[in-house]
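**Student:** Residue numbers (this note's numbering), protein chains in the order written: chain A, 1 to 247; chain B, 1001 to 1250; chain C, 2001 to 2250; chain D, 3001 to 3379; chain E, 4001 to 4379.
Quick caveat, the hints were computed from the structure, so don't treat them as lab data.
The reader is advised that the hints may include incorrect statements.
[Claimed, not checked] In the DSSO-like style, the derived pairs of lysine-lysine whose C-alpha atoms are separated by at most 27 Å in a straight line are:
| hint | chain 1 | residue 1 | chain 2 | residue 2 |
| --- | --- | --- | --- | --- |
| 1 | A | K32 | A | K67 |
| 2 | A | K60 | A | K32 |
| 3 | A | K235 | A | K67 |
| 4 | A | K32 | C | K2082 |
| 5 | C | K2082 | A | K235 |
| 6 | C | K2082 | A | K67 |
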Amino acid sequence: DRPLLVFAAASLAEVMADASDGFTRAGGTAPKVSLAGSGTLARQIIAGAPATLFISAHPKWVAEVEKAGLVAETRPYAANRIVLVVPAGSAATTSGATTSVDGDDGDAAIIAMIDRLLGADGRLAIGDPASVPAGQYARDALTSLGIWQRVEPRTAPVENVRVALALVARGEAPAGIVYASDAAAEPGVAVLAVLPERLHAPVRYPAALITAGGADVSADATAFLDYLTGPEGAKILRRHGLEPIDR
Amino acid sequence: MTDLSWLGLGWLGAAERDAIGLSLQVAATALAGLLPLAIVAGWVLARWRSRARIVLDVIVHLPLVMPPVVTGYLLLLAFGRKGAIGSLLDQLFGLVFAFRWTGAALAAAVMALPLVVRPIRLAFEAADPRLNQAAAGLGVAPLRAFLTITLPLALPGILAGTILGFAKCLGEFGATVTFVSNIPGETRTLSLAVQTLLSAPGGDGPALRLAMVGVVIAIGALVLAETVTQSMRRRLGLSAVPPSRPRRLA
Amino acid sequence: MTDLSWLGLGWLGAAERDAIGLSLQVAATALAGLLPLAIVAGWVLARWRSRARIVLDVIVHLPLVMPPVVTGYLLLLAFGRKGAIGSLLDQLFGLVFAFRWTGAALAAAVMALPLVVRPIRLAFEAADPRLNQAAAGLGVAPLRAFLTITLPLALPGILAGTILGFAKCLGEFGATVTFVSNIPGETRTLSLAVQTLLSAPGGDGPALRLAMVGVVIAIGALVLAETVTQSMRRRLGLSAVPPSRPRRLA
Amino acid sequence: MTIDIRLHHQVSDEFALDVSLTLPSRGVTAVFGRSGAGKSTLLAILSGLITPDIGYIAINGEPVVDSDQRLCVAAHRRRIAVVFQDARLFPHLTVHGNLDYPRRHGPARPEPGRFDAVVDLLGLEPLLARRPRTLSGGEAQRVALGRALLASPRLLLLDEPLAALDGARKDEILPFLDRLTREGGVPILYVSHALDEVMRLAGHLVLMDHGHALASGPIARVASHPMLAAIAGEAARGGMLHLVVAGPPDSDGLLPLRPQTMHGGEDPTLHLAAGGAPPAPGTAVRLRIAARDVALALDAAALDRAGVSIRNRLPCLVRSVVTEADGLVAVTLDLAGAEDGRRDDVLLARITPAAARDLGLQPGLPVLALIKSLALGPV
Amino acid sequence: MTIDIRLHHQVSDEFALDVSLTLPSRGVTAVFGRSGAGKSTLLAILSGLITPDIGYIAINGEPVVDSDQRLCVAAHRRRIAVVFQDARLFPHLTVHGNLDYPRRHGPARPEPGRFDAVVDLLGLEPLLARRPRTLSGGEAQRVALGRALLASPRLLLLDEPLAALDGARKDEILPFLDRLTREGGVPILYVSHALDEVMRLAGHLVLMDHGHALASGPIARVASHPMLAAIAGEAARGGMLHLVVAGPPDSDGLLPLRPQTMHGGEDPTLHLAAGGAPPAPGTAVRLRIAARDVALALDAAALDRAGVSIRNRLPCLVRSVVTEADGLVAVTLDLAGAEDGRRDDVLLARITPAAARDLGLQPGLPVLALIKSLALGPV
Ligand SMILES: Nc1ncnc2c1ncn2[C@@H]1O[C@H](COP(=O)(O)OP(=O)(O)OP(=O)(O)O)[C@@H](O)[C@H]1O
Ligand SMILES: Nc1ncnc2c1ncn2[C@@H]1O[C@H](COP(=O)(O)OP(=O)(O)OP(=O)(O)O)[C@@H](O)[C@H]1O
Ligand code: MOO
Ligand SMILES: [Mg+2]
Ligand SMILES: [Mg+2]
C-alpha cells in the first residue's frame, strides 16, 4: 500500500495536526501531511505527487485534479464561514456583540459598517482573491452586496491569512474579511459580523481520494478520511472554528 | 506610472503592463536607496578588522537566511503604519510604506541586500590598498582617494552586485506580498502578477508568458552590465583574456 | 535523518528538530552538488571572451529573476516523475527528485546558483593570470596551474559564494514548496516549517523561534567562513588591514 | 634645517628598524644598503604609511611623528611624495591621468609649464593616452617618477626609481633631480643599489644594514666606510674632491677645475669634458673619483717623456698604504698642500703589490694621482 | 646548436616587434636596449606567453613556433623558464613553496642537493617560511630567480633579475649564472640595463631598439656598435680581449694572462687579481675593457722612470682616431702582432684632444695601452 500522504490546504494545519494525533492514537497509520496552498498541491498531484488524500480549501482545485483523472472519490469534509473582523478592543466592538446581519436589511447594515470602518483611507484586509480561497469568497460576498467595484481599490489582498489577521490585529487595517476559523484563533481580532452565506458560494473543504496513475485507492487514506468525516473528526473541526458537513 | 507604450508590449494586457512598469520603478528605487548603503557596508566588511564586523555581516545575511514571508512579516511589524519605525517615518516625513509601491521597494531592497553587498565587499577586498598609500603620498586625503581610486576600481564588483540586486528585485515575491500585499497598480509587481496568474487554474500559460517578460528585461540588464564591465576591465588591462594559450597560426 | 540530539535543542519539538536536520542535509547536498558546477561556470564567465558567455550568464541569473514559484513549477514540470528529465533520471539511475528531500536539495541548489556563481566569478576575475603564465614558464600544465594557483587564490570568493548559497538554502521557500511540496520529515525544511507555523493563527511565536534557529545556524556558518577567509587573506598578506592610518601613540 | 629621525619599529620577529639620523633638508641624501636592510621600510615610515612603534620624526623642526606627544601626522598631510620600488600607478587612469592626479585631487599646484617640462624630461609624451598595464617596466617607473615630481612635495622619497632605466635615460634624469633639489629646494631621499648613481647625486650618504644606520654623513666621509665596499662591491671604492671651476672651457671643450683646499705647489688643474651647459667660473663642484680610475706616478717630467695620455695629474701625499684581503694594495691620498684640518678631499687608489714595491710607497711620500679626465663624469 | 628567431608581432598601433636573430644555444646572450625597446615582449614570445602574429622560433633545430606549419608549442611544454621584471611569486605559497613549486607540480627533477645549493647561493635560508608579500624588493627577485633555477629549464630567460640587488650580491650570483650556463649547458637570455653586468657574463649581445634587433653577434663585435653608447651611456664604451691563463697566480695573488692572438713583440702579459678559485693555466677567458680604464703611453722605458703604478701595458697599434661629439678623441687599438684577420680583440681609449695632439696619434702608430689591473674584473 502507498504511504499515507495527505495533501491539505495550509489553513487546515492545526486541524490536521489534531486529526493525525487522534487517528494514530486510535490505531491508524500515522499520516504525513503536506501543507501548502491548494493550487500548489493540486498542481503537484497532477504532476504525479504520491498523495493519497487531498483536502482542498476550494472545490475548484479538486475539479482540476479530477480533470486529470486522478480522483477516485470526493467527499465534502468541512464548512467554514467568512466574517468581518476588527481589531480587538476597537471602538467598533464596544457598540455591541456580533451584529446579526442575516436578514435582507442586513445588507445595508454591512455596507454601512464597512464604509464606516474603512473611513477615508483605511484598507480592508482580505485574502488575495486571485490565489487565496478566503479572498475569493470575500470578493463574491462584496460583489453580491454590489460594492466590490467601489471597495476593491481599498482592499489589501494578502497571500496568507496569517498576514490578513495580523494587519487587523495591529490596526494596520481597520477591518478584514477572513474565515471564522481563523478569527477564532486570533485573540487580536474581534468578529463584528458573520457574512450571510447567501452572499457567496458556501465555503466547503472537499476531500478527494487520489488514485496515482491507476493505483488503487489507498486503504489507509480511506480509513483516515472516514476518521476525519466521523464524530471524532467533527469534534476536531468544531474545536478550530470549522463546521463538519452533515451528510 | 511609467508610460511603457513605446516598448510595443501591446500584446500584454494593461494590468500586465502596469506590473512591468511598477517592477521597473520598484527595482530602480530599491537599488537607488540600497546602493549607497551597500557600498558603505561592503567597505566596512572589507576593511574593518574589528570582531564586531561579524554583527554587520549577520545582519546583512539575515534576509537570505529567513523565509521570505518572515522577512516580510517583520517588515510589516516594523514599517507598517502602526509599526515603530513606520509610524515615526510617517510623522516625521510623511513617508508611508504600508500598501504602497514604496513598501514594495523597501521589501525588494531588504531582500536584495545580501546579494548586493557581497560582490561589492569582494571588490573592495580586491582593491589594492597600496594604491591608496600612493595617493596619500601625493597629498590626497583618504576620502578623496577612496572616491577616485578604490571606488572606480571596485566598479565591476558594484555593477555585479547591482545586477544581482536588480534580478532579485524583479523576482522578489514572498517578502513583498507579505509586507505590502498584492494591490494591482500599487504593489502588484511583475513577480506578484505572475504568481496571481498562476494561482488560478489554467493560468499557467499567461503566467509563464509574463515571467518571460521579466527574463527579457533581465537579459537586457545583463547585456548592458556585461558590456560596461568588459569595457571597464579592458581599460584596466584586465579584460577576460585567458592566460595566453597556444593557438594554431593561420 | 541526521541525529541532532547533541545540539541540545530539546525545547524544540521532534518535528522542528527534523526540519533542522533536513535543512542541514538539504543545504549540504545542494552545495556539494552545486559547487563544482558553480566553479566551472564562474571560471567560464570570468575567462571566456566569447559573446556566447552571455547565454550562460542569463541562465545562471534566471532563478533570481523569476518568481520562486515559477522556478519551482518549472522544476516540477521538468524533474517531476512525469517530467522529461525526471522520468529519464528515474529510469537510468533510479534517481528521483519529486517529493523527496533530494528534490528540495535540487530546488535549493537551483535557487542558490546565481548567488554562488557571482562571487566565484569575481574571485577568478581577480586572480592574476600572470601567475599562471609564470607557472607555465616553470613547465606546469594549465590545469595543474589552475588547481594549484588560481583555485587557492579564488578560495575566499568560493567561500563567500558558499556562504551566500548556504544562507539561501536555509531560507529557500517558494521553489521548494512548489516543487516538492511540504512533507514533514521528507521535504519540510526549516523554512517550510516556519512558513507552516506562520500560516496558522497564533503561530507567530513558534514560527519566529524556529526562524531564529536558522539565524543561529547561519551565524555559526558565517563566523566559520569569516575565520577561514581572514586566515587565508592573512596568509596572502591581504588581511583586512586598513591603509595605514595615523594613530596616536601610547 | 634638518630632517631628524629617531625611531624603533619592530617589523617582524626577525626584523626591527632602529635608526637615529639627522639628515640635511637640502640636496640629495642617498640611502644605501643591501637587499633587506630596511631601506624601503624607513621610507614607508617617513611618508606615514607605517606608524613606528616609537619614534620622533621632524622636518625642519616641525614634528610629523612624536610618540611622546602621541602625535602622528596623517600621510596625506605630510606632503612627502614617494616613488615606490613597484611603480604603483593607478591602473584605471591613463598615464596623463596618473600624472595629473596630484593636481586634480591633491594640494599640488605646479606652476604652468611644469607638466610639459616633466613629460618632456621623462619622454612620456607618446605614452600619455596609455593605461599603466601596457607600459614596459622602465616606462612605468618613469611615469611614477613624473607623478611624484608633479605632486610638489616638501620631501621626495625615491625607492630605486631608476633601476629599470637605461644609462642614457639615467644620464638625462639625474641632472634634473639635481636641479630640482638645488633650485627647487626639495630635499630628496634616494634609495639605490647603483653606487655611481648615488655618488653623482648625493651630498649625504646613509649606510644601512640589518635595520641599523651604520653610518650617516657627508658622502666624502662615508664613502670610505669599509661596509660600503662590502655592500656595493668593488665599484664602490673611491674618493671625493671638492673643486672650483677655474675658468671657461678651453678650445677642446674641457673645463678647468681646481681643488678648493690646495695652496701652492704644482699646477693641480684638472680638466673635465664640459658637456652642454658648463657651470660658470667660481662654481663649486664635487666629484667622486672611483679607486679604479686612479693610477699613481712619481715623476711628472718622465711622464711627459713617456707620452702618457692622462692629463689630470694631481700632486698628493700618501696618507696610508694597506694591503687588502684580495691581494691588492689600497693607497689613500691627501691633496698636497691641503690644510691639515681639511680632510674631506681624499683619493683612493688600488694598485698591485708589485707596483707598490716598485714605487716605494709609504705614508708621506709625494706622488702624482693620475686621473683619466673621462672618469670625472658630469658636474 | 642555435636558437633561431624570426618573427613579426604587432603589439599595438604604435609598437611592433620585428626581429630576425640567430643566437648561440650555449652561454649567455645579453639583450640590451632602452626602456620600451621590446625586450620583455621578445622574452614573452619566446616563452610562449604571447603567440606572435607570424614567426618561426626553433631551439636547436626543434621548432616551437612555426606559423607556416601552424605550430605553436604550449608554454609549459617549452621548458623555458622566465624570471620576470616583476617577480610574480605565488602569493599563497611560502618562499619554500615557491621554490619547490616546479618540482612538485612540473617536470623539474633537480638533482639532490640542488635546492640547498640554490637557497644558499641566493641567501634565501632565513626567508623560507615567509610569504612573498612580506619580502623586500631584492628578496623577491632572488626568490624568483631561485624558482626559475630550480625548474631545470632548457632555456632560461632573465628580465633584469638583478636590478634590485646590491653589488655584493650580484658579484655572488653572476659567477653562478656563468657556471650554470657553462657547466649545466643551459643557455641564458639576459635582459639588463646594467652594461657591466651584461659584459661580465654575456658572450653574445643583441642590441634592440624600437622593436628591431639593431645588431646581434659576439660581444666583442657588438660592443663597439655606436648605438650601444647612445643607450647605455658613457660607461658602455669599451673593447674586448680574448686571453689565455698563462700560469698560476704569482706571489701577490695576481693571475698572468696572455692574448690569444698576439705573437712576438714585447711581453704582453696582463695581471689580474685572481680571486678565490682562479682558472687553471691554459683556460681561455674573455675580458671586457671599458674605454675609461684605458690610457695610452708611447715610451715604456720612460714609464718606469716616471714610476707609474699601472702594470698592465699592452703593445698595440692605433687603428683609428676619431674626435667625437663630446670633444673627446676615441682611439681604437688593435693588439700589436695580431693576425690581420683576427679583429675580435679590440681596445678603445677615450682621451683629451690635447693628449692626442701631444702623443701625435695616427693610424698605425705603435702605442702602449695602459690598463689598470683592477679594472679587469672577475673571469
Ligand atoms: N611583514 C613582514 N614580515 C616579516 N618581515 C618583513 C615584513 N616586511 C618586511 N620585512 C623584512 O624587513 C626587512 C626590510 O625590508 P625592506 O623592504 O625595508 O628592505 P629594503 O632595504 O628595501 O630591501 P630591498 O633593497 O631588497 O628592497 C626585509 O628583510 C624584509 O624581509
Ligand atoms: N598592450 C600594449 N599596448 C600598447 N603598447 C604596448 C602594449 N604592451 C607593450 N607595449 C609597448 O611595447 C613596447 C615594448 O614593451 P616591452 O615591455 O617589451 O619593453 P622593454 O624593452 O622590456 O622595456 P623596459 O626595459 O622598460 O622593461 C613598449 O613601448 C610598450 O609601451
Ligand atoms: O522563496 Mo522567495 O525567495 O521570495 O519566496
Ligand atoms: Mg626595498
Ligand atoms: Mg621590460
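**Student:** Can the restraint linking C/K2082 and A/K235 be considered satisfied, given a maximum Cα separation of 27 Å?
**Tutor:** Between C/K2082 and A/K235 the Cα gap is close to 39 Å, so the pair fails against 27 Å, i.e. violated.
**Student:** Between A/K32 and C/K2082, is the straight-line Cα distance small enough, at 27 Å or below?
**Tutor:** Given pair A/K32, C/K2082 holds - Cα atoms ~22 Å apart, limit 27 Å.
**Student:** Taking only the CA atoms, is the gap from C/K2082 to A/K67 under or equal to 27 Å?
**Tutor:** holds, 17 Å
**Student:** Sort out whether A/K32 lies within 27 Å of A/K60, counting only the CA atoms.
**Tutor:** Roughly 24 Å separates the two Cα atoms, so the pair holds.
**Student:** Holds or violated: A/K235 with A/K67, Cα cutoff 27 Å?
**Tutor:** Status violated; Cα separation ~32 Å.
**Student:** Taking 27 Å as the top limit, are the C-alpha atoms of A/K32 and A/K67 close enough?
**Tutor:** holds, 25 Å
Of the numbered hints listed earlier, those contradicted by the structure are 3, 5.
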